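Turn these sequences into a full structure, and let the hints steer you where they fit.
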Amino acid sequence: MAVLHALAEVALAKATVYDPTGLTTARIAVIALLVGIAALWSALDAWLRRAGAGRTWLIASLVAGPVSGVLYVIGRAVFVDRTGADELWPAVTGGAAFTALLILVPAGLGLFAGGRVKRPATDEDGPGEERPAPRPRPRPAAED
7 MAVLHALAEV ALAKATVYDP TGLTTARIAV IALLVGIAAL WSALDAWLRR
57 AGAGRTWLIA SLVAGPVSGV LYVIGRAVFV DRTGADELWP AVTGGAAFTA
107 LLILVPAGLG LFAGGRVKRP ATDEDGPGEE RPAPRPRPRP AAED
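For the sequence shown, the numbering used here begins at 7 and goes up steadily by one.
Hint data in this document are derived by calculation from the structure and do not stem from the laboratory.
For clarity, every value in this text was computed on a predicted model and none was experimentally measured.
We put the CB at the ideal spot given by N, CA and C, even for glycine.
Beta-carbon label-pair distances, calculated as ranges:
| # | residue 1 | residue 2 | range |
| --- | --- | --- | --- |
| 1 | Arg56 | Leu18 | 26 to 36 Å |
| 2 | Glu93 | Ala57 | 31 to 41 Å |
| 3 | Asp25 | Val76 | 20 to 30 Å |
| 4 | Val23 | Arg55 | 41 to 51 Å |
| 5 | Val86 | Arg61 | 31 to 41 Å |
| 6 | Thr31 | Gly100 | 16 to 26 Å |
| 7 | Leu68 | Pro144 | 51 to 61 Å |
| 8 | Ala17 | Gly100 | 12 to 22 Å |
| 9 | Phe118 | Arg141 | 32 to 42 Å |
| 10 | Asp92 | Leu18 | 19 to 29 Å |
| 11 | Gly58 | Pro144 | 35 to 45 Å |
| 12 | Asp92 | Tyr24 | 17 to 27 Å |
| 13 | Val9 | Val123 | 19 to 29 Å |
See the structure below:
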């Protein structure tokens, strides 16, 4: 997620060079895409009943924030306008908090929604058949 957020921000920064005032729609579309990816991915994790998915997404959002900030400054320095190290602190603090929220909030909603969706029957069960209850094992005979 950190790489996706950093790539999106660098692409928007590069586009701003060519059209400084006309990127409102593009910025909204990119944010909506990133939110959708986080929500869909977390919903899939919940649907697959991954153990510890909530904790995983919390840690992922907290790590992705600062990492995407660092990657954004590096990408902007290389591809856009040779940004210096003075941009690193704002990207790692304010930008990281915004990125963490852009991951955490939709992931929470995705985990909630994905956990409510029923999984289809597996191929082993057959169409519309329920799996029979396991038979109890017979007890060994008592010796006299």
